[in-house]
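*Asks:* Take a look at the letters that make up each chain.
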Amino acid sequence: MTVETLRVLIVDDEPGMRQGASRVLSRHAQTLPDLDVEVRFAVETAADAAEALARLTAAPWDLLLLDYKLPDRTGLEVLDEIRTRGIDVVTVMVTAYASLEVAVSATKNGAFDFLAKPFTPDELKTVVEKAARTVLAHRRALALAEEKRQVRFQFIRVLAHELKAPLGVVDSYLRMVQDRALGDELAAYDRPVERALVRIDGMRRMIVDLLDLTRLESGQKRRDLATVDVVEEARSGLEGVTAAAADRGIALELHAPATLPMQADRGELGIIFNNLLTNAVKYNRDGGRVDLTVRPAGDGGVELEVRDTGVGMAPADVARLFGEFVRIKNEKTKGIEGSGLGLSIMRKLAELYGGSVAVASEPDVGTTFTVTLAAAPQGTEP
Amino acid sequence: MTAGHEHDYAGRTALVVDDDPDVLEQIRLFLERLGFRVLAGESQAEGEALVDGAVPDLCIFDLMMENNDSGFVLSHRMKKKSPQTPVILVTGVAHETGYTFDAATAEMRRWVKADAVLDKDIRFEQLAAEIARLVQQ
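Line by line, the protein sequences are chains B and W.
The numbering of the first sequence is the numbering used here, which starts it at 1 and goes up by one.
The numbering of the second sequence is the numbering used here, which starts it at 1001 and goes up by one.
A hint or two may mislead.
Unchecked claim - The list that follows gives simulated cross-link-like pairs (lysine to aspartate or glutamate, EDC-like), each with its CA atoms no further than 20 Å apart:
#1 B:334 - W:1046
#2 B:329 - W:1057
#3 B:164 - W:1066
#4 B:282 - W:1042
#5 B:332 - W:1121
If you're looking for bench data, these hints aren't it; they were derived computationally from the structure.
Work the whole structure out from these sequences, hints included.
*Replies:* Here it is in structure tokens:
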């Protein structure tokens, strides 16, 4: 259980009230088991509106116990001022003149709650507990937003790095040509030019992947749901990697029923098959094989399994495989190009179908990816 | 790549390790034009084997390969074996992480175990200047 301390300002012109409420709250520790938090209170006091506003402006506060009738201004006027100055504090209005009218206008002016004088220590605690919950919920929302912001920054930093590296390479190759660094034979520049084109192509693929991922995350990708034959999509996915597989003597085999219809977006299925199959070919050994199995899973869903005979992965690599831009770098994978975004995209797509991606791998034996898609896609556009 | 330095370092050996095959190729071509014989490795593992098998006149190591500190590891291994062999670390890390280090002071050189640190966007004139400073012609 974590301890969180709330800063409380008690504003009242009666010294007895200030001291009494202050003593109760200072000694009070409010446990909120559902939030796994113990709340304590750091209490300070002010005797009039001017002092209260000065303190509210000088430092951040979580909770304000504000007396309605102050010598210089009314509590409502103070509330007004708090709103005008954009001060972020949860306010409980305290008054001896407990009229409905005052309560309503206090609430309208941004007060969170209302406490009638005289009140017992328990009444004070009850009101403060309610307010504390609001403060904590607010704090957590802020912390979550900040965490998301940091994840975003980290993503952009890595992305910048991933795009800057090939740019530097292309730049250096072009300078070699510009400076005739390899002599006057034109043929000597064939390889630098070819490599520059390969790296530019890699950057283009990364940008395409990035746009896919951004559309998926923002939920703006238009989904075109229809009855699709998953087996047909599997065949067309295999066709897409046939040439690359043939180059390296890798056998491709489909194990599937004649047809297997499901509600899906064809483009999404295409991306899933393409990612699964290109990985299975890229990370395979020459003369290896790729087995694609498509089978029905309970309740009209499907299971897609791609088994390769490739380099495989150590458990530590499997654990970090789904991170964005993560590419497993070792002796066996050197020279293999990729954005490191394919699996992130695949997993987000599977989630759109209420599905999941599982991976099992053994070094030097191979890797099996299993994608499960449920029948009724979620997040359907109206 | 500036011309005019050809064969200045004839008979010298350089060890270059970088997991980007194109960066490795570019540095190799550049060093060969300066007259170096070049030993090239594409990973920390390959680099470790090369470090153990040679005493080169110059080392250029990429910092982040299989591990985030691959270049440090290679550097340390080289300096332990042959403290006088100059090591240049190439890194893209400083800009992306805001984490900065260099080899400007003796203290930093001891810590990073390298004689110079260059940004990953290699400026070959700058590399030539560092080599001129660190390797006797």
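*Asks:* Indicate, hint by hint, whether the structure satisfies it.
*Replies:* Consistency of the hints with the structure:
| no. | hint | result |
| --- | --- | --- |
| 1 | B:334 - W:1046 | holds (12 Å) |
| 2 | B:329 - W:1057 | violated (28 Å) |
| 3 | B:164 - W:1066 | holds (19 Å) |
| 4 | B:282 - W:1042 | holds (19 Å) |
| 5 | B:332 - W:1121 | violated (26 Å) |
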